[in-house]
Structure formats: structure tokens, C-alpha cells
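Assemble chain B onto chain A, guided by the hints.
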Amino acid sequence: MRKTALSDDILLRVEKPARYIGGEVGSSMKDLSRIDIRFAMCFPDVYEIGMSHLGLQIIYDQLNRRDDIWCERVFSPWFDLHNILMETKTPLFAVESQDPVKDFDFLGFTIQFELCYTNILQVLELSGIPLHAEDRTKSDPIVMGGGPCTCNPEPLADFFDLFYLGESETVMYTLMDVYKASKAAGEGRRAFLKRAAAIPGIYVPSLYEVSYNEDGTVRERRSLDPCAPLIIRKQVADELSDTFYPTHPIVPFIRATQDKAVLEIQRGCIRGCRFCQAGMLYRPTRRRSLSFLKERAKVLLENTGYEELSLSSLSSSDYPELGELLTYLIDLCSEKKVNISLPSLRIDRFSLDVMEKVQDVRKSSLTFAPEAGSQKLRNVINKGLTEESILQGAQEAFKGGWNKVKLYFMLGLPFEEEDDRKAIARLAESISETYYDTVPKEMRHGKCDITVSTSFFVAKPFTPFQWASMFDEEDYLSYAKTVREAIRAQKNQKSIRYNWHEADVTVIEGVLARGDRRLGPVIEDVYRHGALYEAWTDHFSIELWKEAMKRQGLTIQFYTKRVRSADEVFPWDFIDIGVTKKFLLKEWERAQRAEVTPNCEEHCSGCGAASYHAGNVCPFTGNQTVNAVKEDV
Amino acid sequence: MKVRVRFAKYGTTRFLGHLDVMRYFQKALRRTDTPCSYTEGFSPHMIMSFAEPLGLGVTSTGEYFDMELDCIDPFLDPAAPPVDGRSSADPATFSMPRSSAQLLALWNSVMTEGFEILSIRRIDPGRKGNAMSITTAASYEITLQKDAEEIQTLCRELLAREHISAVKETKTGTKEIDIRPLIYELSAEPSETDPEETVIKLFASGGSAANLKPELVMRALFDSADGSDVPPYRLHRTDMFTTGEDGRFLSLGLTGEEIP
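Residue numbers (my numbering), protein chains in the order written: chain A, 1 to 633; chain B, 1 to 260.
Pulled out of the complex, with its shape left as it was, chain A reads as follows (with noise of 0.2 Å):
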């Protein structure tokens, strides 16, 4: 019989207690006298978002396979919870034994977005493991963290004893074996660091001493042991369809955010915009086989009973077997009456014949996400798409039926000006206009409805725009009222729909993404002051981090507006993820200049990826050899 860490009592008090109790359909129960590693792998979030997450449940599975290993998973309490363990003292436990988290081996974490760094602390509180690295002993866990904000770890270096940079497949195993070999050999923490440090791909903070300048900027990156590289290289996945992938993932009893069977088809992305760092991080862009996804595809629905399938992926456009997998797809779905969904789908003809097969008779509606409203801002950005290609798109789609569409812009990007955000009004009012003309009054099913949504850009590490400027909240907020004036003053402002996201929220995570380790001290002030939850619009307060900052002598306009010169040392060049420095800043050039790059398809212009290749090939584009040259740091 399941037993849980709290009583009843506790439980029927607390919103959604399924949360805590474990036992689902997927879910790993091991026998402990055969365990020689207890994981817990934590998303810090709340239950229902950590389960929605893929790479939790890639993770588990790899771990889970091996018999020594066991892989339990812990999320952030909600906050009733929270304060329940604080005032009875309960140590948080994982959800699958209901144990302890502190008298496991490893607590990891991955680390999806920054503003869940404070939520990281609160579990490591409650779990009654000290916060700092330096003050933990052999019997707490070793705490690691791993996801996309890894490439840049030195916010959060206080916190961890070793990052992982890449992908799980890679080097987990590995790692676990060193450890269970020091632990046989009783070894001690830091013994074991300095080992995990010599593997490829590990990155134990407490290994380096980093200096810097009067004027703020990193001045210089030591190693303090001669197993601690200078250069730290991202670990990657050759073979996708021949590697780890869960057939029985866990199906949670409550309503996760993402309520489906989720198939990863690709990782990667030839397109290359400039303000996405997803693109450039998972390059070597690399497919999953054809074959692989039809059996996965129907192992997974088979095992989980699930009424959604969902394909995953940065652009499914780009996969070039998409035809034949969604013809599979489409009928298997059909066959046992699953829901198909398709996400980052480019708006053409064909994926259009797709969605009408997928669908439900009542459309739903078609995103597109041009992310500037003029051309010139586009080519900035490296965002291809033409006005025209968006208009037939919009006009193929009304012809088909639909008459609902979303629009996704961000707002503060680099070079932008005035014209740019009003050219956003314009562009929705001519997709409206698109409509009235293409749609016969007669074959109308009412209005066209069109939701325009601004989100902020950040400039994140790793990306051509790394060396951008942001703006200040106030700037932020006009720029909104610049665009919702705009859609105002058109023609057919009645079918547009306007909102934008916080600005506040946008200048912290600026803060965090290209933050350093000064950043560590004003992480745990803001927790200590009450911060948790802050990725959810009612917990976040920005006044706790002014303070914050304010208090360790730190301006938030050093890490956001400041100009960052072609020679600056970034916090993060010591990590190597293929794409060189070089290559992103020649990126960074051609944007002022607005000069767009070809795909990777269309033309290889040396990234750097294709390092990662045998013989430095790039597959994309046949035998041509690529002069990707390393960045020496």
C-alpha cells in the first residue's frame, strides 16, 4: 500500500493534493536493497507545469532503465504547502517513495527559464539542504542542474555543485558511474567533484575563481585544479533515433498544463533567427527517423491511453519527411480517435490541407508569429517571412474556413524604431482586410478576429543579439501604447485584439540571462524576502529585486542597457556549444545592416555546429566542407 509523507489532515487541506501523492500509471517504484543511486529530479515549479515538461520525462526513463538507478521526481510545493513544511518542520520529499529528498544522491534540477531560480532555493530550503555549495557536507545530496538556462550557470553558481551542459543522453550515465565508484571508495564530496569535473560536459562552479573589471565586465576566468578545463564543451546527441526515449511516460492524475503524448521529432533549427537562443543551442539541428516516430507514435498512445498527440520541435516545417509522418499520423489518430496537435508549423497550402484533416469542424485558430511588423525589422532580425507570404498564408486560411487568427510580435528589439511598432497595426489591419476581400459576405461565419500579442525581447546568451541593448520598463510600456495607439487609429480596429505581456518581468529576466556570479547574493536576497513563483504574472514583484540589487551594490541598467563592446568576455565564453563567438558576432554585424542569412538549407555560412560532425561537415549541404572555426576564448 502507497504511503504518504503527509497525513491526511495536511493533504485534504491543501489545494490539489494529487499533487504530492505519486503512484500514476508510468511512474518507476523500485525495491531500495538494489539501489545503489537514488535521483531526484526536480522541475521547480508546481506540480502540473513540471509534468508538462518532456525532457522530465526523458530523463526519468533513462534513468529508470538501469537497475541501480532509481528516479523519483519532486516539484515546488504550492504555496499552502510551502508553509505548511516550513511551520511543521517536514522535510520536502519525492514523490514516488514519499522519502526525504536530503537522503538522496542527487537532486537535479533543470532549469527551464530564469525567473524559476527563486523556486530553486525554496526547494533546496525545504529540503533542508543549505543553500550554499561550500556549506554542504557528505550527506546532502549533489546538487546539479541541467535545461537551456545552463549556458549560463553563473548566476546560480552559489547553488550548485555541478552543472550538466547538453543533452541527458550524452554523459548521464557516465557521470552516475563515476559516482557510484567514488561513493564505493568512500570518497569524499569534493573528491568526487574534481572527478565529474574531468568529464566532458560537467561544469563544477567551485572549480574556477572568476575577476573582474573596475567598469564591471568579467576580466579574467581561473581554473583552481588542474581536472577543471577553461573550456567547458556542450555535450550532444549524434544518433536520435537509436537513444533513450520513453515508451511508457508517467500520465499524471491531474490536468497537466500539456495534457498529451508529446513525440520530439527534431532537435535544432536551420532558420537561425538572431533573437532566439533555442536555435542556436540545439544546433547540430538533428532528426529523429521516420521509422522511429510512426512506432514510437503508437507505442506511446498504446501505453498512456492519451487523447492529444502532440509533435515537438523548434520547426516542424523543416522535418522533410512531414508529409508521410503526418499521412501515418493522421490515420492512426483517426483510427483510435486521438487529437492531433500541431505546433511551429509554418502557415502554407500545405500545412493548411493538414489542419483541415486534423482539426475539429469548428477551426480553432492559426498562428503566425512575425515577430516585427515591418520587412526591414524582419531582415533584422533574421525572421525571413515576407508581407506577402503572410497575406496569401492569411488568405489560403480564410479561404478554408478560419476566421480567427494570432499574431506574435516582441517589442523592443534591437535597431527598432517608431515606424516598426506602428507597422505591426498595419500589418494585422491588411490580414483583416485580407479577409473581407477573400470571403464572400454570404460564406462569412462572422468576424474576422484577430489577437495581436506583444511580448518584450531579451537578449539572450549565445545569440547574435547577445551584445543588444534593452530598455527600461517605462520605455517598454510606450512601446505598447505605441502599437495599441497604432491599432486603434485602423480601419478595422474592431477585429483586432491587443495585448502585451509584462515589462517588469522582461527587465529581470534580462538581468538573470546574461547575469554573472555577483548575481548569486541578490538571488537569495529576493527569496529570503518572500519571492517564489515570480514566472506567475501575481507572485512576481520587481521592487524586491531593485532592493536586492540595490543592496549588493548592482545596477539592473548594467546588465540590461549597457552597450557591449565586439571584445567584451562574456560571463558564458567558456562554454563551447559549437556555434562560435565569431560567427554570432558577424551575425550581430549583418543585423545593423539589416542583411538577411540564408537557411541552412538554402546555404551553409559556417556557424560552427557542423564541429560537432564527423570530418567538420556540415550534413545540410552535402560534401561542402565548412571552415567552422573555434573561437579561441
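Just so you know, not all the hints are guaranteed correct.
[Unchecked claim] Only pairs whose alpha carbons sit at most 30 Å apart, straight line, appear in this in silico BS3-like list of lysine-lysine:
(1) LYS298(A) with LYS2(B)
(2) LYS102(A) with LYS180(A)
(3) LYS2(B) with LYS336(A)
(4) LYS27(B) with LYS337(A)
(5) LYS213(B) with LYS298(A)
(6) LYS383(A) with LYS337(A)
(7) LYS27(B) with LYS294(A)
Since the hints were made in silico from the structure, they are not lab data.
Positioned in the frame of chain A, the structure of chain B alone reads:
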């Protein structure tokens, strides 16, 4: 073929709400690949209706839902006129049914700990009503840390009263009702598993018409109008009943027929 499914909910699944339970079974049935009937229209969902939602924190061995299996009903005359345009004997539109025993084994093979299918029986499609509308009573076991004799006395005293007034919460506010006529049986005995505990057995009116919540009986037993003086207890529903043609209570698990 219309069927009535009886299932148990025990252990940590008591912390799942009714909607979660429903979604759980929908996914579980999809894992077994049992052909089920779906609604027509925009987003088809499985035709499944529960007898009564079970409250959070409550375990049960007597939960029911009705559903439609997409297969031949062996009890119907193949020569009979087709229902909804589909002939029940036409193998092209319906598949051959599995027996109750086979279905039970199949469905239990995909259950997680905390859920168990106890029976699957065929229901005559000609009969009016579903599990929810035909429920008239339910039986409960309420376990608490109290001396058995003390509780037995309280039960006897309660039953001896002609009227028991209780405050019922309605959508619009509160209402005072007499719950005595809704209590059919009430007794208590020492727990078989734990000598410190006593188990109260309650058989009461249930269903959509006049549902008696066990919490109201507990408040009346301990003379606590707002429930604050009621000691902590574990609630378990043992079964649900309908009123048979002979006027006697019949377990929902005995309605319909075993599928051969």
C-alpha cells in the same frame, strides 16, 4: 452494449477528485483498446456516466459508472430491428463482445494501485435511467478512534429520536431538514483490525432525489451543528443501491446480467 462497471478506489487515490477519476478511466480504457462508443459532434468523448461523485478523501468498494461498449449485445435478438440505424447483429458495425470475466481481467491489467474493477455487467438498453438516476441508497463505514460502547450508545439514542434536524447546504444558502427518515440503518462495532477503533455502519438514502451525506449523520451523532466537535474519521463507501421491483434495496452491482 450498455454496461455497468463497479470499481473500488482505495489508498492514495482517495485524494483524486471526481473529474480526475473520470479522466483516469477514460485513459485506462483507451489503453485496453476496448471499442467504446463516443459522442457525436465536435470533440467526441467516451460515453461514460457515474452514479455519484465520491468526495475527496473517501475510499470505496462500491463506485459505479455506466458506459457504452461498441460491440454486439448478446442478449438482444439478432432479428430485432436495428437501434440507431445499426443492427446489433451486424458484425460489420459491432464487434464480438468479450465476457465479463475477460473484460475484468483486461481492464484490471491496466489499473494502477488504488483502483480495481470489481464487476462489469450488461444492462438492458430498454431499461430507463442510468446509474445516477436509479440510485436510491448507499452504505458506508465510518472509522474513528473512539470506544465502541460509547458510539453504540450514541447510535441507539439517535435512532430513537423521531426527528433529527440538520442544516443542509444548498446552492442558494442553507436549509433545515429532518434527516431521521433518511437513515435506514445505523450501528457500530469494534474494528476488526484495530482494537482502538470503532466502525460505524450506516445505510442511508442516496441518489439525486434525497441524498444523505454521512457528515450530517456524524454531526447529529456528536451534536455538533457546524461539525467542529466531530472527532476525525475515515469515510468509506461500501456500496450503492437501487430499489428493485419488489420494493427491496438491490446493490447496483447486481443489476443487469453477467456477460457470458
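Do the hints match the structure? See the list:
Distance check on the hinted pair: LYS298(A) and LYS2(B) sit about 28 Å apart at the alpha-carbon level, within 30 Å; holds. Of the pairs offered as hints, the one joining LYS102(A) and LYS180(A) holds, with about 18 Å between alpha carbons and a cut-off of 30 Å not exceeded. Distance restraint check for LYS2(B) and LYS336(A): the Cα-Cα separation of roughly 20 Å lies within the 30 Å cut-off, and the hinted pair is therefore satisfied. Restraint check: the Cα-Cα separation between LYS27(B) and LYS337(A) comes to about 12 Å, which is no more than 30 Å; the hinted pair holds.
For the given pair, LYS213(B) sits about 45 Å from LYS298(A) by alpha-carbon distance, which is inconsistent with the 30 Å threshold. Restraint check: the Cα-Cα separation between LYS383(A) and LYS337(A) comes to about 36 Å, which exceeds 30 Å; the hinted pair is violated. Taking the CA atoms of LYS27(B) and LYS294(A), the gap is about 21 Å. The hint holds against a cut of 30 Å.
Consistency with the previously given hints fails for numbers 5 and 6, ordered from lowest to highest.
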